[in-house]
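K.L.:
Here the protein sequences come in this chain order: A and B. If you read the first sequence in the numbering used here, its first letter stands for residue 1, the second for the next number, and so on. If you read the second sequence in the numbering used here, its first letter stands for residue 156, the second for the next number, and so on.
Hints in this document: simulated from the structure, not taken from any laboratory. All figures in this text were calculated on a predicted structure; none of them were measured in a lab. Accuracy of the hints is not assured; some may be wrong.
As the list claims (entries may be wrong) - Covered by chain B, per the in silico footprint, the following chain A stretches (three or more residues, Cβ under 8 angstroms): (1) 67 to 80; (2) 83 to 94; (3) 98 to 105.
As the list claims (entries may be wrong) - So, partial list: chain B residues that the calculated Cβ filter (under 7 angstroms) puts toward chain A: (4) His159; (5) Val162; (6) Val166; (7) Leu170; (8) Thr173; (9) Leu176; (10) Val177; (11) Leu180; (12) Ala217; (13) Val218; (14) Gly219; (15) Gly220.
Here a beta-carbon is modelled for each residue, glycine too, at the ideal position from N, C-alpha and C.
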Amino acid sequence: MSADERPGLYVESTIIMTTVRVVAPFVLTFALFIMFHGADSPGGGFQGGVIAGSVVMMLAFAFGIDSTRQWLDVRVVAALASGGVLVFVGIGLGTMALGGQFLQYNEYLPYYSKASKYGIELVELGIGGIVASVAIGLFFLLAAGFGHAAREAER
Amino acid sequence: MIDHLPVLLVVVPVLGATVPLVASLYTDRAGWGVAAATMLVHAVLAALLAQQVRTGGVVSYAVGGFALPYGIELVVDGLSLAVVALVSAISLGVLAYAGQAGPHENSFYSQFLLLVAGLTGMTVTGDVFNLYVFLEITGLAAYGLVASGREASAAVAALKYLIIGTVGASLYLLGVGYALAATGTLNMADLSTKLAAAGYDSTLVLTAFGLMVGGLSVKVALFPLHTWQPDAYAHSPDSVSAFISALVSTVSAYALARLLFSVFTVEFLTAVPAARWALVAVASVSIVAGSALAVSQSNVQRMLAYSSVSQLGLVIAGFAVATPIAVLGATVHLVGHAVMKGGLFAASGIIERETGATTVGGYAGMGSRTPLAAGSFAVLALGMVGVPPAIGFVGKWYILVGAIEAGLWPVVAVLLLSTLLTLAYFARLGERLYFAEATIRDEGAVADGGEHTDGGTTVSTGMLAVVVLAAVLAVALTAAVPALEQLLTDTLPPLLQ
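Excised from the complex, chain B in its bound form (with noise of 0.2 angstroms):
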């Protein structure tokens, strides 16, 4: 069994997703437990594979037997394992979350594990057309979850997911019909060196590059094309938001970089200098434009949201630059962004929950009422910030120095004053929920936290828990980005040179 660790984590959850289907016939609350035993498993196979991976370098896994690379291959180095990680770490903890929070029925907790088995087939696959399969089932299960609001704002929030979402998919299918003419193949390391046999300057390549690179970063919401993103993370509920908002962008973002450095590769950055320009100048573009948007917004999760197009458009550029330490830096803060941002989407909930807040305006004075929630809400604004010893403060100073190091100089310019911008609108909201008075009455909680149908405005230890957790993690997350380091050195070489 261990030799099938990276095809057993996405067919677990594929089989996991049968059951509440099923079971919904005879009762319509076994959700909850089959996604919360399957998601156990899949965390247990997630540390044998890391367990794998650390003590054997990279794992790959040919699915059917054929012979590579026609067949099916799934590979599993570092960056992919830390993205593993992340996607049975956080699923759990959603889970934890959405014991409580809801939505209780068990459609709910098919399509949860269906999008869990998404994300993890984008990030074991080492086939580009697989991906693009993976992509779909994520982004169908996410449209999904999306409309599993009740109000009918949750509706078209999802539909305008659903078009510009299909839109993006499209265009990376698109994408990989020029590449597969370009080269007769789809596997990814093949690819690597037919890309290069076919001449990194002809159309074909070039045009795969630009429609592969769009697609997904539709997927990641950079800025002209992350218009479905703020209506889906603040129209869903609490859960869904936390788990789309920390797993599914970055996920995505995980594959550009996997198609920069494993398919198109580094060599194919410096010998196109405006395919790197343009990424750069995307992501920087993205990094203002999200902080900018997200300063002038009042609702707490549409600013949130907007945070995460800023942050991943610094994610996206620290891949650009390429250098090792940049990309360290992007991967880093990958990882914390999703951590931060998901305990962020989780503490507004909770924050609404008791205190009926959703606005800056309404977040004042709130931090006396709900204190562990509007605690580590503020840890983890601050950590987003960059303030150290927190994790975003790691990820964006290895992004720095590599920046520096590369001589890009705009992108340096950039992230300065992301980062001033960034504290712009967390430290609005720490001042309100810590030195301000409160705006909203204690009763007033009570009507306005009528409006849950669905979990009521009670909030139990496991939704306190994550929360605090999440706040935790994103400091302690610091101490391992030697490990980080040192595993993606050891897996990564041809990658980082």
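Next up, chain A with everything else stripped away, as it sits in the complex (with noise of 0.2 angstroms):
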């Protein structure tokens, strides 16, 4: 079902648009400062990646969902989400190639002093990237409703 088939779905408003647009910038750092916060004090890339997501939503209500859609590609979305696990799994394995256990963090510290602590937020960023691609992910799929799927099946 394409938008024109059903008119009044998404409404322009200028109000809406320009609140998201100062909004968006903040809400995406927020994300960010959530998940930077995983490693010492509540927070982390599960909640910090919900509002990374939400960022993408709310550009959809205000632009609506199809132009959304087309300006955010495809392949970003999916490279969030693999990237996410391949930095997880990669940090994990590095530190068993250095001679430690999975994910022994303090392996890095020769090389990094601080290794420990930027080892917890790079995971806690994949995790971000993965919760966030999957959060943006669905959010499309339910908008674009039966009528899409029923068009992947017809493929």
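If you follow the hints, you should be able to join the two separate chains into one complex; please do so.
P.N.:
Here's what the structure looks like:
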């Protein structure tokens, strides 16, 4: 079902668009803030990732779901999801390569003095990427509705 | 690398699961190759681990190098090794089957590998909270796989599974919370001593036991909590039903056994007879009700699903009896049931493709039309009933002997009754297959088979080979029972006393 078959679903509103334009950078910053706080205070990749994903949802409400879908390349979403897993696994396997256990951050200490802290931060960022991309992907899938699934089946 | 086997077994499938996702930007059919390569690596790692456990005993791994019991510990002993090997072998078999039978999408294979990661994680973990995490990974991947069926009924079945499965996992998590409140630790080995120190009759410990066992019973699909299972098995694609019927409930039953023996220990069961009796009662009701429901089904896949309710009840009953011989029997039946039930679902998929038959009535006279698939189906069904020398016989026999030794006569009666009921529904199918007039005309098969949008009606050699192999294994695994017994007595002495 294309957008013009369902008129009235998206209303272009200057107020919403302006607000979202102003708020979005702050929400994204807040998402990163939460992610970076996973290591030593409440927060982390799961919560931060959801907030980062909500930025895209906000944009979709303001500028229309279809145009946001076109603007956001699917490759970015896929890269965030697999990249997040790869960062996590890569850090874990790296410590093993250096002779430690899986995810034994202190193996990196000879190379960088704050390795334990920033190792965890990187893992949190990876998780954040996964959660954000899954939230975005689910939102677009739900928004596409059953018509999308039927088209997929026909292909 | 040899020291890192337990964690690599989990990490490799996770790593493999990311590849089809990226590959789907370029091609839609890369998933199978990636999954096959990943599972081959997984099988090699499992074989190396088996070697290590057989020569060096229990393998323990501290994730992140944190001092135990504060960090997450992975533990592989004889029981978990048997389940790891099972997961690896069945995943390879299902892949050989899915190569032709589909689904072929990349996303399917990503979820498949995530499910393998979850199942392996549940098996190797030595930490009750980590077990919850892997339980959720397993659950989420399984919901997605069930929903990969084309029909709307698959989506409904997946939703039902999602809701009930989440309640089960949450109950388990709540139980973990109570155990943590009682002891302040999450490590299984540490919990087993600290729970004893907290007192087996303390309300916290009892509540934790009830919630954790209740939550896992949902995942195992014991009788009153089984309602998600028949729909999920019957409405998902054939490859998926073969996979999840063989592994998801099996690994959950393993987790339940792990809780009983490594966390609460046999002393708890002795100290709190009510807990043991409750478990025995649920398992017995599950055995009888599952069999009775299976007898009353007309759809073959639903019958197989209800049969799982009954057979896994049997396994849990064996674990609840908790004498060494009963635990061995339950483990044998756990593994044997997985091989046989996976094979039965795969065979029913082939029979449906070749003849269009899905019901007991439709199976009439199909024995000559699909000789290999129907023959394997019959062998597997007889194995499930417990006809010697099949593995099903050995498992049931040991559980029976254990129950007699322990003097649990109600269990003995239920066991014998259930064998009769199992015979009732599988003999009916065998009779239909070989001694009844066909009710489906040959042409009807083509018209019916057209419903399969993915994979068509063609049956590949790989699919047939998997089913025949399952039938052969159902008999041949009997020869491996002494080795398993040796492995269990070597690595689980405190568990079995």
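K.L.:
Hint by hint, say whether it matches the structure.
P.N.:
Hints, verified against the model:
no., hint, in the structure
1, 67 to 80, "holds (count 4)"
2, 83 to 94, "holds (count 5)"
3, 98 to 105, "holds (count 6)"
4, His159, "6 angstroms, holds"
5, Val162, "4 angstroms, holds"
6, Val166, "6 angstroms, holds"
7, Leu170, "5 angstroms, holds"
8, Thr173, "4 angstroms, holds"
9, Leu176, "5 angstroms, holds"
10, Val177, "5 angstroms, holds"
11, Leu180, "6 angstroms, holds"
12, Ala217, "6 angstroms, holds"
13, Val218, "5 angstroms, holds"
14, Gly219, "4 angstroms, holds"
15, Gly220, "4 angstroms, holds"
Every hint, counting from the list given before, is met by this structure.
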